[in-house]
Amino acid sequence: MEPVIERMLEVQNLKKYFSVGKQLLKAIDDVSLEVKTGQSVGIVGESGSGKSTFARLVLGLLEATDGNVFFMESIAVQPMKKNNRSMTLRKYAQIVFQNPYLSLFPHLTIGANIEEPLRIHGVRDKEKRHLRAQELMYKVGVPEAYYDAFPHELSGGQQQRVAIARALALNPKLIVFDEPVSSLDVSIQAQILNLLLDLKEQYRLTYVFIAHDLAVVEYISDVIAVMYLGRFVEYAPKRFLIDQPLHPYTNVLLESVPVVGGSLKDVAGRGEIPSPLSPPSGCPFHPRCTKAFDRCRLERPEFIEVKPNHWVACHLYT
Amino acid sequence: MGEFTIPVNKNIDSGGKPPSAEHSDKTTRRSYFGVLWRRFKRNKISLISLYFIVFLIALAIVGPLILPFDYKTMDYTALYQKPSLKHWMGTDDGGRDMLTLIIYGLRNALIVGFGAGLVEILIGVTIGALAGYFGGRLDNILMRFVDIMFALPSFLLSLMLVVVLGRNLFTILLAIGLTSWAGMARLARAQVLSIKQVDYIEAARSLGASNSVIIFRYVLPNAVGPIFVSLSFNIPGAMMVESGLSLIGLGIMPPMPSWGALINIGSRFILSTPHLILYPAITFALTILAFTFVGDGLRDAFDAKQSD
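As you go down the protein sequences, you meet chains V and W in turn.
Just so we're aligned, residue 1 is where the first sequence starts under this note's numbering, counting upward by one.
Just so we're aligned, residue 1001 is where the second sequence starts under this note's numbering, counting upward by one.
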């Protein structure tokens, strides 16, 4: 019996700075997060907020500037060690990308794509791989007839199912989804999300689910973190975050979710996300915030726990 | 994990067509090359050209074995003969059978063409792929070297190499291959650079694939298209260089025939006995043309946007 792992993923003060010319781009600036086993954590934010960078950092696909990431309590993902490819990390932590057409191997058939993780991890028995691929195709709802098809012959939804099957091949514990449904039609989005919920239950998976669409994140997550310009501005269990959002930016995101039968409202947040190269002074959200006051322009709010398990970075609550 | 069903309708979003009907009845596994071949076949001119090249290769192998003449023996009783039943393409200024000379010339041209192509691929793709994949300082050093190779006139360089290395088939193909891989290196680098950015390479890394697995299993198979297309244009290119060397008297050592040398000699008798230049020139042109058409066909076949 292997020891029970409670904390699947721990992110501590993670930072990732890119130098752009002479300037410093703070893509991820001091982010901490704990993902418990079996949890589904959603990360929501606009494009340019650093979500994808975050995904790559926690999987060790990108080297962090500073901070720690631990996987399954014992594996140090960040800081990255040179030439250390932890096969445990590569086996138990998987990623599903936004565009399955780009993330599947274009020169391999669907079957070969799903079997590829097994090949990399040394499963030599062809028959075994084949059976596993068939089983996975059944699990994710891809018809067996597609085994010998190539990725470009499938629809976007089917391609994403194949990408999910490939991520499942090694019986992972953690799957990071980087905008997995945003390239799909709305009707297919729902199917994929339902599939993900089913798979999570069946395999007792832990999810980190990244999207820009709060409605999508809400559907799949237990806990939601809102990201703005490389930082978390609010973190709370789904129920609290949706019903009693504290940060004005979360409000903006909630209002921007279209409601069937509702009329289009003017969204409170003005303008676009500022350039991370020259973030605003004080609270980075203040130029777009309707509730901003003097202090917001001068002082950056701390990320604090204002209610049990409900964190927010906003001067309204300090 | 035992028995469970997923409450998802399996076929609801199958917007993509199922694997084409002509294949669903077959049980054989489909391969990447099978698909390429099917696409290639659609271009009839390319297909005919490919058959023509295969025929030329067969001729170059079998020809010397069954020909009643050889390329060395002079026959002073039969100089400058017009095509006849005995000599299908006539005889040259030494009374040698033109057909025999052309077939030996073909054999040499093919050896030089494919050999030089192979050398170009080995050097060019290795250097280009390393530079593109690892980037940084290595890329800088390798590509400056490529720039230098590109800047030097390759024909002159080949000439010098032939002078230094000597004049036989092997040194000539080496001299051509060693001086003309720079374009291939740039192409390979550009390919690798663009493929490296695509998500499936990151997917491979997140699955734990090592650098060598990534290069050989995911990057190169997706980069070979343009490389093969380029090769199919470089092979006739190398043949041209070889005949160029022969033309100025630095090619394959006589009496071993080379198309360049044949054309050179033929040009002297163009008014009196035109068949001496006509036949080698026509075969040469047809061969070059065939390679070019095959290259076109390959380019279309590798175009992933094309459906099959």
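Note that these hints are calculated values from the structure, not bench results.
Since the structure is predicted, the reported quantities are computational estimates derived from the model, not experimental observations.
Incorrect hints may have been included.
Claimed, not checked - Here are a few chain W residues that face chain V, going by a calculated C-beta distance under 7 Å:
| id | residue |
| --- | --- |
| 1 | ALA1203 |
| 2 | LEU1207 |
| 3 | GLY1208 |
| 4 | ASN1222 |
Claimed, not checked - Computed list of chain W residues with no C-beta within reach of chain V, every gap over 10 Å:
| id | residue |
| --- | --- |
| 5 | PRO1153 |
| 6 | VAL1198 |
| 7 | SER1206 |
Stated by the list, open to error - Have a look at the derived ranges for each label pair, beta carbon to beta carbon:
| id | chain 1 | residue 1 | chain 2 | residue 2 | range |
| --- | --- | --- | --- | --- | --- |
| 8 | W | PHE1134 | V | GLU299 | 44 to 50 Å |
| 9 | V | THR290 | W | PRO1221 | 52 to 58 Å |
| 10 | V | LYS81 | W | PRO1153 | 46 to 52 Å |
All C-beta atoms in this analysis are idealised placements derived from N, C-alpha and C, irrespective of residue type, glycine included.
Hint check results:
At a threshold of 7 Å, the smallest CB-CB gap from ALA1203 (chain W) to chain V is about 5 Å, leaving the interface hint in force. This hint holds: LEU1207 (chain W) has a C-beta 5 Å from the nearest C-beta of chain V, less than the 7 Å allowed. With 7 Å as the threshold, the beta carbon of GLY1208 (chain W) comes within range of chain V, its nearest partner Cβ sitting at about 3 Å, so the hint holds. The beta carbon of ASN1222 (chain W) comes within 6 Å of a beta carbon in chain V, closer than 7 Å, and the hint placing it at the interface holds.
The Cβ of PRO1153 (chain W) sits about 38 Å from the closest Cβ of chain V, beyond the 10 Å cut-off, so the non-interface label holds. At the 10 Å boundary, the C-beta of VAL1198 (chain W) falls inside the reach of chain V, the nearest C-beta of that chain being 5 Å off. Taking the minimum C-beta to C-beta distance to chain V, about 5 Å, the non-interface status of SER1206 (chain W) is violated against the 10 Å cut. Distance hint for PHE1134 (chain W) and GLU299 (chain V): a CB-CB separation of about 45 Å, consistent with the stated range 44 to 50 Å.
Checked against the hint of 52 to 58 Å, the pair THR290 (chain V) and PRO1221 (chain W) passes, with Cβ atoms roughly 54 Å apart. The given range of 46 to 52 Å is respected by LYS81 (chain V) and PRO1153 (chain W), whose C-beta atoms sit roughly 49 Å from each other.
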